[in-house]
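Based on the provided sequences and hints, a complete structural model is requested.
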Amino acid sequence: MTFINPLALLGLVAAAIPALLHLLQRRVPPELEFPAVRYLSAAERESARRLKLRHLLLLILRTALIIVIVLAAARPLVRMGGAGGGAHEPTAVVVILDNSPSSGVVVDGRLVLDRLRVIARTTISRTTSADRVWLMLCDGVLRRGTREALLASVDSATTGWQRLDLVQAVDRAARLVDAQPLPGREVHVLSDLQRSALAEGRAVVPAGVRVLSLAALDRAVANRGIAEVRVTEGAAVIELKGAGAGSASGDAAQPVPVTIRVGAGRRDRGEISARGLATPGSAVTIEIPVQNLSPGWWVGEALLEPDELRADDRRPFAWRVAPAARVTATAGAGGFVAAALAVLREGSRVRDGSDVTFTGGEALAGELSIVQPPADPALVGQANRALGARGVSWQWGGGATSTPGPISAPTLNGIAGVQVIRRYRLEQTSPGSGGSGGGSSDQSADDVLATVNDEPWLVRAGSTVLLGSRMDTAWTVLPATPAFVPFIDALANRIVRGEADVTTAEGAPRVEFRRRGTDTTGATVFGPDPRESDLTPAPKSLVETALGGEDRVEVLGDAEFASERFSGTRRTDGSGFLLVLALLLAASELGVATRTR
Amino acid sequence: MPWQPQVPAVPKEGHILAQRLDLLDPAEVARLGGIEIVAEGVVEGFLSGVHRSPFRGFSVEFTEHRAYQPGDELRYLDWRILARSDRLFVKQFEEETNLRAMILVDASRSMAWRGSPERLTKRAYADRLAAALALILLRQRDATGLVTFDEQVRQVIPPRVKAGQWTRVVRGLIATPDGSGTAAHAALQRLTALLARRGMVILLSDLLFDRDLALAALRYLRHRGHQVIVFHLMDPAEVELGGPPEVRFRDPESSVTVVVRPRELARAYADTVRREIAAWRKACRRHGIAYHHVQTDLPFGMALRLLT
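Protein chains in written order, with the working numbering: chain A, 1 to 597; chain B, 1 to 308.
It should be emphasised that the hints constitute simulated quantities derived from the structure, not laboratory data.
Remember, predicted model here, so these are calculated numbers, not experimental data.
Not everything, but these chain B residues come out facing chain A in the computed CB check (under 7 Å):
| no. | residue |
| --- | --- |
| 1 | Leu208 |
| 2 | Glu238 |
| 3 | Pro244 |
| 4 | Glu246 |
| 5 | Asp251 |
| 6 | Pro252 |
| 7 | Val258 |
| 8 | Leu265 |
| 9 | Ala268 |
Taking lysine to any residue pairs in the SDA-like style, the calculated list, with each CA pair at most 25 Å apart, reads:
| no. | chain 1 | residue 1 | chain 2 | residue 2 |
| --- | --- | --- | --- | --- |
| 10 | B | Lys91 | B | Tyr220 |
| 11 | A | Lys52 | B | Arg248 |
| 12 | A | Lys52 | B | Arg261 |
No residue lacks a Cβ here, since even glycine has one placed at the ideal position from N, Cα and C.
Below, the structure is given as structure tokens:
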């Protein structure tokens with residue numbers, strides 16, 4: 001049994017008052033003359049047993065009365081069956097309030113997030129100080145705090161820009177509540193239950209943990225959203241996503257106008273806009289008049305007509321307008337590199353020149369060098385000395401027998417996973433020392449652009465880029481893959497200059513540039529996860545399966561959710577019953593005390 | 001000049017009561033004067049009412065029959081009725097001068113108690129009642145005497161009918177101080193020797209002594225042919241127990257104490273008192289003794305009326 005006001009139990013000490021009064025107040029009674037003492041003695045003899053019983057009964061009643069009143073003041077919680085109101089036993093509960101971008105959809109004139117927030121608020125309001133409550137929003141952070149603090153968090157929660165993976169969220173929440181030594185363990189999922197939020201994996205819910213999920217709205221909402229914007233030579237490729245009931249038919253399947261705006265706010269260059277029609281589920285290419293674009297970084301945005309979900313109606317993009325690199329390749333660079341450069345030269349991605357030099361370990365000549373290990377292992381030492389002479393702090397390690405493995409390159413998606421057969425281990429000779437030719441002093445782990453078996457495989461050190469393997473199919477299958485030419489393009493035009501690709505991230509739509517000194521080396525485009533645009537609700541069976549299994553998960557409507565939360569440990573406040581009992585005891589005490597026979 | 005009681009003004013409907021001291025509260029009546037005055041006033045009131053003298057004895061004028069009781073003289077048996085109905089009846093006569101009445105007044109310590117200052121002590125009540133009885137008896141020329149006793153016989157005034165006898169009785173009452181303990185049976189046994197000639201014996205006592213021993217003495221008197229009348233005097237506070245929440249009661253005679261909570265014990269005590277009264281009444285009836293329970297707040301006239 002637990003108590004809402006356990007401090008009141010200190011009052012149980014008062015239960016000793018009747019006994020103490022009985023012992024301490026044994027004063028000498030006044031003495032009076034009374035002739036009929038013989039009658040009195042006879043009456044007392046006859047009533048002695050009854051009087052003793054009566055005194056004992058009074059002591060018990062008075063002590064019990066105090067105990068019952070103190071217990072009532074402590075407000076005990078008594079377990080009760082069935083649904084309904086009342087308090088509950090201490091429960092560890094995680095409230096997952098999915099305020100991801102999709103929760104900003106308006107249904108029947110009301111924000112979905114408002115519905116979720118009301119229920120979250122009610123749940124948290126029903127908790128007591130004996131409960132342990134966490135709140136998880138779309139950022140995945142488990143917030144622990146007082147009831148008031150969590151209510152304030154719920155009240156202040158607005159539609160976020162991050163996608164919430166409900167499977168992972170429930171998995172984490174279930175493990176957290178399972179570790180709590182409390183009688184009740186519940187995870188409350190308050191989400192619009194997009195199918196896309198449950199697509200991957202299955203949450204592991206330990207036995208004893210209840211997962212209560214609010215059912216999705218009955219009807220799907222049609223939605224169109226801009227999933228991705230890519231800028232290629234002179235054109236923006238816009239991928240549109242249809243969602244909900246209209247993905248295949250209806251309004252969502254109709255072509256919709258898309259507007260491209262470039263250079264908004266840059267008065268020095270002027271604003272460029274273009275329009276096109278896009279069909280949900282497909283990509284549309286909209287030409288950008290590049291002749292008006294001067295070299296440098298450009299920012300633009302793609303816009304749709306407003307619909308029920310506004311978060312995905314606008315998506316920014318960024319790209320760099322730059323002249324093609326002037327490249328030359330030595331004989332040691334190999335045939336695959338020469339062939340790739342020929343392709344790039346034909347596509348005007350590179351030009352002939354000596355700004356960037358591809359070598360095979362020979363002496364470094366150009367301003368910017370992309371260096372492969374020599375084909376002859378006997379020349380590795382000479383090549384390392386040449387690197388050292390140029391001030392490069394990296395070199396090839398001894399032997400080309402390092403274990404093969406796939407390439408891991410977070411910033412070079414194209415080559416990730418490509419198998420490497422032979423490689424030299426790249427070793428740093430003097431950490432922190434920069435290379436010649438403009439090598440910066442802030443070289444660090446950022447220079448390791450790709451690894452194989454967690455060992456550096458592609459490294460940029462100042463004006464030099466080192467490869468662990470030769471661009472040859474005897475060393476790696478990369479030259480035989482479609483990603484090879486773009487990889488050589490990236491090496492020549494971007495990587496060797498220390499520039500990074502444009503990356504994307506979740507967040508409020510915006511563009512952030514990465515800088516090194518005064519140079520802009522890359523950009524990150526923020527926007528909602530494209531999967532948020534798909535508002536198709538997950539069927540109940542999928543929700544039950546993904547969130548822990550049919551025996552652990554209950555998908556409930558609003559009313560059922562309200563009655564089922566904490567129902568496993570629901571208890572009622574026993575103080576009312578105890579007060580009635582106290583009244584009965586008081587009446588009994590009064591009756592016994594005033595009854596003289 | 002005959003004594004005229006000073007009666008306070010009362011409402012009209014209480015006029016009759018106001019004229020009769022025998023029906024007023026004993027304590028109020030007692031405030032009017034000494035024993036003689038009170039007794040005279042009471043008797044005047046009593047006899048001027050509807051009552052006649054309550055006493056009957058044996059004389060030449062036949063009045064009625066009554067059932068034979070052990071101790072009755074056989075010469076007063078009505079043989080004719082016995083012959084006709086085979087039942088024993090004695091003849092009663094209007095006695096004129098030869099009734100010998102002896103009034104026994106318990107003067108023990110317990111009699112000197114009252115439960116409230118507004119009431120008379122049992123002893124004071126007994127004195128006034130005894131004086132009134134004596135006056136009635138002497139007025140109808142019955143020889144009347146007095147015995148006061150506690151553990152011992154204190155005063156003995158032999159029954160006489162001559163002038164000044166009532167004054168002697170009253171002085172005997174006044175001259176008897178409050179005693180200590182009560183061993184009434186011993187005193188009563190001594191009295192049986194004093195009452196050689198049969199007559200009427202009236203005992204005024206709170207009967208707070210051993211019932212069996214006292215009854216033995218009374219039964220002996222009855223056996224000797226005396227008509228025995230017992231007035232069991234009790235203060236109302238002895239009937240209904242009251243007092244502080246917790247109190248130590250001390251017996252004034254034996255000094256025995258007992259601590260009680262009167263409120264708790266009230267009902268049990270009342271039951272005990274009722275049983276005690278019933279036991280006395282039953283025992284007396286069994287032995288042909290007239291028993292009357294009198295509380296000290298009962299008007300004297302009402303107490304006298306118990307004898308009619």
